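Asker: So the protein lines, in turn, are chains Y and G.
The number in my numbering is simply the position in the first sequence, starting from 1, with 867 added.
The number in my numbering is simply the position in the second sequence, starting from 1, with 867 added.
Hints listed in this document are in silico derivations from the structure and should not be mistaken for laboratory results.
Computed from a predicted structure; not experimentally measured.
Think of the CB as a built atom: it goes at the ideal place given N, C-alpha and C, for glycine as much as any other residue.
Watch out, some of these pointers could steer you wrong.
[As the list claims (entries may be wrong)] Examples of chain Y residues toward chain G, derived with CB under 7 Å:
1. GLY1131
2. LYS1152
3. LEU1154
4. LEU1248
[Stated by the list, open to error] Some but not every residue of chain G turned toward chain Y, in silico, with C-beta under 7 Å:
5. LYS912
6. VAL914
7. ARG915
8. ILE917
9. ILE940
10. VAL1142
11. GLY1146
12. TYR1150
13. LEU1164
14. ARG1166
15. ILE1176
16. GLY1179
17. LEU1197
18. ALA1241
19. LEU1248
[Stated by the list, open to error] As a list, the in silico SDA-like pairs of lysine to any residue whose alpha-carbon atoms are at most 20 Å apart:
20. LYS1245(G) <-> GLU1174(G)
21. LYS1180(G) <-> TYR967(Y)
22. LYS1159(G) <-> GLU1170(Y)
Protein chains: 2
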Amino acid sequence: MIEEWVLDSLSDATNIPIDYLRQLIEKGTIRFMKYRNVLYFSFRKRVRGIEEGTTVLISRNEDPLVVIGYSHIARVALPSIALPSHFIDKIVVEEKMDGYNVRVVFYAGNLFAITRGGLVCPYTTQKIRLLYGDKIKEFYKEYDPYKYFLAGEVVGKENPYVRKEYPEAPRFGYFIFDVFRENKPAPLSLRSEIVEKYKLNSVRVLGVIDKDDLDSFWRFLEQLDKEGREGVVLKDPEYRVEPLKYTTNVADISDIAHGMLFFGDEGRDYLYTRVLRLGFRLYEKPLGDIEKLYRELGRAILEPIVEAIRRGKRGEAGYEEFTLSFTSYLDAQEFVEFMEQLGLELTVVDIVEDNSEIRLIVRKPKLETEKLLARVLKTGLFGYD
Amino acid sequence: MIEEWVLDSLSDATNIPIDYLRQLIEKGTIRFMKYRNVLYFSFRKRVRGIEEGTTVLISRNEDPLVVIGYSHIARVALPSIALPSHFIDKIVVEEKMDGYNVRVVFYAGNLFAITRGGLVCPYTTQKIRLLYGDKIKEFYKEYDPYKYFLAGEVVGKENPYVRKEYPEAPRFGYFIFDVFRENKPAPLSLRSEIVEKYKLNSVRVLGVIDKDDLDSFWRFLEQLDKEGREGVVLKDPEYRVEPLKYTTNVADISDIAHGMLFFGDEGRDYLYTRVLRLGFRLYEKPLGDIEKLYRELGRAILEPIVEAIRRGKRGEAGYEEFTLSFTSYLDAQEFVEFMEQLGLELTVVDIVEDNSEIRLIVRKPKLETEKLLARVLKTGLFGYD
């Protein structure tokens, strides 16, 4: 049961009548959660103009805080068509990093890290507090936390969502890409100012180009592709139009390689969407040698399938394994409970204490891949065709 | 309305009560069709032990003829596991041809060609009558048409279903793979006897191997792959167990290349299933150079996407075009009506008369590919992610 004052707060904050809120909570459209001293609601769908992924934080001694969901960014298929027609004049070309989207807010005396889905992630929150807490709190001293918040990408190998090593953040790093003001992304000049002033990290700005300057655009893409980076987000400097995103060949191919290792689970969708991205890109511009691209794509598809079968024979095909680090057992336990609450059955297979750090070796199940491989390894037959 | 005597006939032939038959026809599980002087029912799902694809032919002056559906053949993923465990001792290794499955029956004085789905195809029927009518009728003079029928693959470039050129049948050829006796596939020796006696074509028998002789199996596969052929069907010589099928790399890759040209329609499923086949095969045996396989696969995926975009710019992405030939306008019209009846909207874009042959240039719509390309070419954006 949710107490009356909590619903009152939510209703005040969102201008949605209490009865309707009750229905939405009942249906699961709005999720009610708790993280330590703070209660919150997260919107799993757009409701009455309130974005999907919006979070409303509530505490007895504070006004509620509405943190708007981070909008979906449309993906470019053909830059030569999209760029000139979508943008107004200038385009800020920023690096798109391959991690997960996190909004960091200040509420009831502390920082909270909110995922794209609108949930306060205990793991990310602890890491952000530990690694960037002082600097971000400084920021919130001067910028009203009811008016401003930060949005950025968490990257690195140690997180429960997207694991990719970055030289500048091998384990965990937070790179700011937007400052929100009154629940709208502010002009990028404000972000530069803030990042510089509080010594925070931001995503890399590759340059500012004219919307018709496809040559410069492709030079940036080629550079990122060579460096093995994910791609770009294209923004109007003043945020007068929505941003767009675009990836490199190397990113699409590495997604495929990852997906095919778990071909029964994410493989199917990964493969199809990524090859279309590659194909449309190739139509406009081969980023390097075409024969090499063909070979790399073929390899990214087939090598992981072979590897998955080998893992299947060893009984290891049914999960992905990774490490999460915590500073206390309490933090670790809190995170595991959070994942259980979300229905993500992570299994902790080992715990290592190391320099006062607690490292959890965690497995994420890949049940469809496991089932398919078990069947094939037993009968030698595909079951489905 | 179906006349009472027709339903009586169907009920007699299948041992299914009339009331239940009516329900099944109402629901569309059994389809009622007409081809010239013959009425027929086709079973779109398995009903009371009667296979999916079964056809019951009915005519006022004849007993009804039940033609059992051709069973699905399971696909091998890992031959080293499937072959020894599935078969009893010997395996007949036959070539699998890349066309469509057709049962040829004799009823009410004439031959009828029935597709896998249990429909009498007017086009195929006319071609079979024209090209093989005399020989097959000879066969049915000596082999009771109520007891025997032929099953085989139609291949070549001129048909409405699967178009692939074979040197031995560039336009249209019928290759027998089974003789059915009392609605069960007969031992393969009978097929050899009949094919030889009536000078019909059968699929190629590559050899008979021991079920543990994987070396010979792979030699056949390598040979077929080099020749650019589709694959094999593996059969117990006496049909004591069900057959299995297995394809070559070149077949899987050519399927992908075809599918990706219409990536919005068949691309997604084609791609996923074929790369799994390739991956499981690679785990057991690279059929040739692996780097070359990677490159060929990558090329088969990306080249057709680029080609599809080019076609999209020319307004040609939304259909597949092919030729069908007829000996009379009546035959042509009959076929077009048949396709319309099935909801396959083929568009005839041109008619050419040539040596007393009527050639229809036909287009099969690929609406999803067309829609997706139109959107991307207009906005430069993917609509869905």
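Asker: Now tell me if each hint is right for this structure.
Answerer: Hint-by-hint comparison with the structure:
1. A cut of 7 Å between beta carbons decides the hint on GLY1131(Y): the least distance to chain G is about 9 Å, and the hint is violated.
2. For LYS1152(Y), the interface hint is violated, the least distance from its beta-carbon to any beta-carbon of chain G being 11 Å, above 7 Å.
3. Hint status for LEU1154(Y) relative to chain G: violated, with the closest Cβ pair at about 12 Å, above 7 Å.
4. About 5 Å separates the beta-carbon of LEU1248(Y) from the nearest beta-carbon of chain G, less than 7 Å, and the hint is met.
5. Proximity of LYS912(G) to chain Y is violated relative to the hint, the smallest CB-CB distance being about 17 Å (cut-off 7 Å).
6. Evaluation of the VAL914(G) hint against chain Y yields a violated restraint, the C-beta minimum of about 22 Å exceeding 7 Å.
7. About 25 Å separates the beta-carbon of ARG915(G) from the nearest beta-carbon of chain Y, more than 7 Å, and the hint is not met.
8. Among the interface hints, the one on ILE917(G) is violated; its C-beta lies about 23 Å from the nearest C-beta in chain Y, farther than the 7 Å criterion.
9. Interface hint status for ILE940(G): violated, as the beta-carbon distance to the closest one in chain Y is roughly 10 Å, over 7 Å.
10. Given the 7 Å rule on beta carbons, the hint for VAL1142(G) holds: about 5 Å separates it from the nearest Cβ of chain Y.
11. For GLY1146(G), the interface hint holds, since its Cβ comes within 7 Å of a Cβ in chain Y; the closest pair sits about 3 Å apart.
12. Proximity of TYR1150(G) to chain Y holds as hinted, the smallest CB-CB distance being about 5 Å (cut-off 7 Å).
13. Using the Cβ-Cβ criterion of 7 Å, the hint placing LEU1164(G) at the interface with chain Y is satisfied: the shortest such distance is roughly 4 Å.
14. At its closest, the beta carbon of ARG1166(G) sits 4 Å from a beta carbon of chain Y; the interface hint therefore holds under the 7 Å criterion.
15. Checking ILE1176(G) against chain Y: minimum C-beta separation of about 5 Å stays under 7 Å; hint holds.
16. Given hint, GLY1179(G) at the interface with chain Y, is violated; its Cβ is 10 Å from that chain's nearest Cβ, farther than 7 Å.
17. A cut of 7 Å between beta carbons decides the hint on LEU1197(G): the least distance to chain Y is about 38 Å, and the hint is violated.
18. Residue-level restraint check for ALA1241(G) is violated (minimum Cβ-Cβ distance to chain Y is 12 Å; threshold 7 Å).
19. At about 5 Å, the closest approach between the beta carbon of LEU1248(G) and any beta carbon in chain Y falls short of 7 Å, and the interface hint on this residue holds.
20. For the proposed pair LYS1245(G) and GLU1174(G), the alpha carbon gap of about 17 Å is at most 20 Å, so the pair holds.
21. The suggested pairing of LYS1180(G) with TYR967(Y) is violated, with an alpha-carbon distance near 36 Å, which exceeds 20 Å.
22. Among the hinted pairs, LYS1159(G) with GLU1170(Y) is consistent with the structure: their alpha-carbon atoms are about 13 Å apart, no more than 20 Å.
The structure shown violates the earlier hints numbered 1, 2, 3, 5, 6, 7, 8, 9, 16, 17, 18 and 21.
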